[in-house]
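Asks: Assemble the whole structure, with the sequences as input and the hints as a guide.
Protein chains in written order, with the numbering used here: chain A, 1 to 607; chain B, 1 to 607.
Source of the hints: derived by calculation from the structure; they are not laboratory data. The C-beta atom is built at its ideal place from N, Cα and C for all residues, glycine as well. Careful: at least some of the hints might be erroneous.
[Unchecked claim] Cβ pair distances, simulated, as ranges:
hint: 1; chain 1: B; residue 1: Lys-169; chain 2: A; residue 2: Arg-475; range: 49 to 57 Å
hint: 2; chain 1: A; residue 1: Lys-594; chain 2: B; residue 2: Trp-573; range: 13 to 21 Å
hint: 3; chain 1: B; residue 1: Pro-537; chain 2: A; residue 2: Leu-552; range: 41 to 49 Å
hint: 4; chain 1: A; residue 1: Val-158; chain 2: B; residue 2: Ala-373; range: 46 to 54 Å
hint: 5; chain 1: A; residue 1: Ser-26; chain 2: B; residue 2: Leu-534; range: 33 to 41 Å
hint: 6; chain 1: B; residue 1: Thr-535; chain 2: A; residue 2: Gly-154; range: 31 to 39 Å
hint: 7; chain 1: A; residue 1: Lys-249; chain 2: B; residue 2: Ala-571; range: 49 to 57 Å
Protein chains: 2
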Amino acid sequence: MRLHSLKRLLVGRPLPTAQARHERLSKVTGLAVFASDNLSSVAYATEEILRVLILAGAAALSLAMPIGAAIAGVIGVVIFSYRQTIAAYPQGASDYIVAKDNLGTLAGLTAGSALLIDYTLTVAVSVSAGIAALTSAIPQLFPYRVAFCILAIGIIAVGNLRGVRESGKLFALPSYLFIGGFFALIVVGFIRNAAGNLPAVEPSAAPVTAFQALTAFLVLRAFASGAVALTGIEAVADGVTAFKPPEVKNARTVLLVLGTIMMTLFLGTTALASLMGVVPREEETVVSQMAWQVFGGGALYYYIQTVSMLILILAANTAFADFPRLAFFMSRDGYLPRQFGTRGDRLVFSNGIVILGVSAAALVALFDGSTHALIPLYAVGVFTSFTLSQASMVRRWIGSRPPGWWWRVGLNGAGAATTGLVLVVVAATKFLEGAWIVVVIIGALIIMLFTIKSHYSDVAHQLSLEGYEGPPPMRHTVLVLAGDLHRGVVEALQYAKTLSPDAKAVYVELDPERTRRVEEKWQKHGLGVPLVVLTSPYRSLLGPLLDYIDHLQARDGKHVVTIVIPEFIAARWWQHMLHNQTALLIKGALLFRKNVIVTDVPYHLRH
Amino acid sequence: MRLHSLKRLLVGRPLPTAQARHERLSKVTGLAVFASDNLSSVAYATEEILRVLILAGAAALSLAMPIGAAIAGVIGVVIFSYRQTIAAYPQGASDYIVAKDNLGTLAGLTAGSALLIDYTLTVAVSVSAGIAALTSAIPQLFPYRVAFCILAIGIIAVGNLRGVRESGKLFALPSYLFIGGFFALIVVGFIRNAAGNLPAVEPSAAPVTAFQALTAFLVLRAFASGAVALTGIEAVADGVTAFKPPEVKNARTVLLVLGTIMMTLFLGTTALASLMGVVPREEETVVSQMAWQVFGGGALYYYIQTVSMLILILAANTAFADFPRLAFFMSRDGYLPRQFGTRGDRLVFSNGIVILGVSAAALVALFDGSTHALIPLYAVGVFTSFTLSQASMVRRWIGSRPPGWWWRVGLNGAGAATTGLVLVVVAATKFLEGAWIVVVIIGALIIMLFTIKSHYSDVAHQLSLEGYEGPPPMRHTVLVLAGDLHRGVVEALQYAKTLSPDAKAVYVELDPERTRRVEEKWQKHGLGVPLVVLTSPYRSLLGPLLDYIDHLQARDGKHVVTIVIPEFIAARWWQHMLHNQTALLIKGALLFRKNVIVTDVPYHLRH
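Replies: Rendered as structure tokens:
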């Protein structure tokens, strides 16, 4: 009861099913919800590029801007590619569904597995980066970063268990404050730079020395690291049905607006970092260093850190909407357990939310709350599903050939080729750093999904009524298992007589003297139910009972035996330990036996 | 199934009840079984005296002999006192029963609690001392002593689970080898001493200095430590029924012979230790030091160590016979859970054996396998039950006044006074060293025993047929809970129809479209059972069902509702995770609801 009240307090009262349709997002709240995941990567993508380049010395940092421009180009291609997907899949176009429809089951399950992993990493990476924004501003909190991460994941999970519209409200303000804050940072930065009064970032304590040569491989690695900026783009296409009608139009508009804002902020941040000559440091983020110099510390600096933290932590929210929804799709198709397909009493897919929260918290703890350590795992999943999804669209247009199919093929083909190329770069340059883990897990997940599907199909086949002639005729015997005669047994006898007028009682004799006493009581209180006494030379209760059932069922045909077990229910938990759990024992022994049904008849003790 | 085979291998095949009477001990095997606990203390009692005396310097060690003589005197008194008990209680005279019969329930439960603790400590102390004999001979094993102790406890427990006669066989040889070996040690020691060629024990590495003054308190402490020699004497009286007929005569004879041997060995060992000037050491037992000098190392030394180890480890066996038997008596009287009252399929009280083994192993681990650390806890329980038992006999003779009652009173009175005095000495001198723990636990146990008894009495009263008029008339409704219609549900419908011709099916609507499909299938395959559709605005399965049951039961009188749940049973364990555990959920919710009976109808999947 207490647990139940706690759930109500955290999650809220149940919502009726009829309310489901009204829990939808307007363009303004929708932009905010999807903005968090899309834009928040601006807070760390530039830094990840710089962190790779710095290995070749400070001079190499000047390559950040061209790399950033290349990534912005990929973003542009992917956005136009996904706008087509939204139009083609108004019911919600998860990459899983798109790939499965057009390229077949294996491609679909590959995309699905990649996305499940990706969403989990989105939560882990975003929350870690958000807490990094916090600990950059307040370095004393650095040692407690993992605890803060897990707390943040818990808060988001509970928010999502409350339901989707309330999530929209919760996330709208921070998203817009973030967009405003970063525009201000970039604009003020460029103005101060043009005016010539932008101070250079304080030089790092240790002088920067080159560890590696500036090879093409290193440049590709930097590109692969920055490519995490693209994560979250697919979320809008996946979540079309979360928008208010007209869903497709709203989703396409939101995706375009978001993409434009993202490219602007990402390029602006990267350009400003290059101009200022920011060098990445372990204990302070690049954005924190820039904001400190541009605003000269003070309230605006803390504003940037606060909104960075908020939007990053909330970025995890997209995944908390998408993971359960994808799990629902996959569960509906029979590839994931049924439990992911049922809505909780707040109309959300509670099981998916809980699983995601737990997995992400485990990842954060395992990688010690380090964004940088998680990045190599991140991009493989994202670009796998991107590529499969774009390629699916190409296949679709070629198959259906709608008006203008040739430019549609061109658009999605460019998307597929671009993201495919990025996938190859990411996998090749990050393989030993951790990408291999994701490759292995995707493989394992695909096998698991096929196994689950095959089980469900098999069960459906076994239970199918197709060509079913109805059950064979059955005989039925009711046996009350009595160890004594008391009020509980008498009530069980009364019950057994309503089940069958021929009910019998069975008594397993462990002590002949006791049998005599029971038989005496039976004369008076046995309600006329005949008592069968079974001898038990080895003092086993079960053996003689099983033999007797065998004996009854030995004749031809289907003969169901119902074993009625009188069981008294103690009033307090510790009292249960003082009684033999005979009913439990017998149920366990008979569970896998055909045509035997065990029925407890509880007798409730008063105290 | 595999677990079952392992049990068979360890414990043996089940024995029929009829064989119970033949599993008895002859005088020769009985002496061996009870010898182990009685005599084995000879291996450490002398050492415990010396360990206290040494605190006052090497000179104080000369007091060991008079202290030993005093203890031998107590042994003599107690033996004659207990021989009377055996005669008076031919059915087995546990101190618990004797005290309860003559001094009332509280005294009985105090003695019982004291004995339960005592038996547990017997196992822990004996096994620790046995492994000390091993590690004295092979010092390299000293670091692994706790692991060896736990292994030994496990072996004894399994031996006991196999049954009592086989135990007798197992223990006969080591007991007689031990008696022979110690007689040889003492006799050879005295002869070599008389001949003047007995070398003094090598002096300890560190010179012995006095830490404390030789006060009367220290002497009493040494006496209290040595008094552990008496443990196990009560076991013979407790186990009268384990002897072959004539049980009483055999038990009295065995007790007298045992007592005589014990006094001889204990006094001989103590005297020889004094003559040789043995100083106790941490890493080698006193007996080991003596045997090394007397036999000059070699085969006879290792013989002594081996039989010491064996008899000490086997001493635990007495407790493994007594603890379960006492638990059986207390369970029969309703003070311990019923589970202690049932014999396993090898005719032994399996639950008591398992509980004792686990508790003793925990104690050994907690006290790091140190005999010396456990000793202060040991004697309090023993002498509490001794005193209560002897006092009970006094009360009994005064009450019944049989021929010669006055000398009987004298004998048992002397026993009670002596053991009572020892109890006061033990409790006073060892209180802060650990005796307080035992006092606290005895108190807690007594409260627990009373609580259990009161629960059982209450249950018996609630279930009693005394003045029972029979159950009130009942109405009965059968409801099949259907979430769909498939072969499993059809079989459940068939079953429900045999229970009641008016059986109905209940379907909780979560999705109206699905309802339509189910209703269509119902037309064809529903076996004519009417389908009640319950709406569920909050998607809860349970809420509408409970409301419907409330509605049915709202009318006057007793109305039992049987909920039939079709449940398919998966063929492999992992498949269970892929299905909603609806049946379990509903059973849990209805378990504490009156007049509702839940019946699973299993449908077995083939693969």
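Asks: Work down the list of hints and note, for each, if the structure agrees.
Replies: Results of checking the hints against the structure:
Against the hinted window of 49 to 57 Å, the Cβ-Cβ separation of Lys-169/B and Arg-475/A comes to about 52 Å, which satisfies the hint. Hint check: Lys-594/A to Trp-573/B, Cβ distance near 19 Å, so the stated range 13 to 21 Å holds. Remark: the range hint 41 to 49 Å for Pro-537/B to Leu-552/A is upheld by a beta-carbon distance near 47 Å. Checking the proposed 46 to 54 Å range against Val-158/A and Ala-373/B shows it holds: the Cβ atoms sit about 50 Å from each other.
Checked against the given bound of 33 to 41 Å, the beta carbons of Ser-26/A and Leu-534/B, roughly 36 Å apart, stay inside it. Take Thr-535/B and Gly-154/A: their Cβ atoms lie about 35 Å apart, and the range 31 to 39 Å holds. Our hint of 49 to 57 Å for Lys-249/A and Ala-571/B holds, since their Cβ atoms are close to 50 Å apart.
Of the hints listed earlier, there is not a single one the structure fails to meet.
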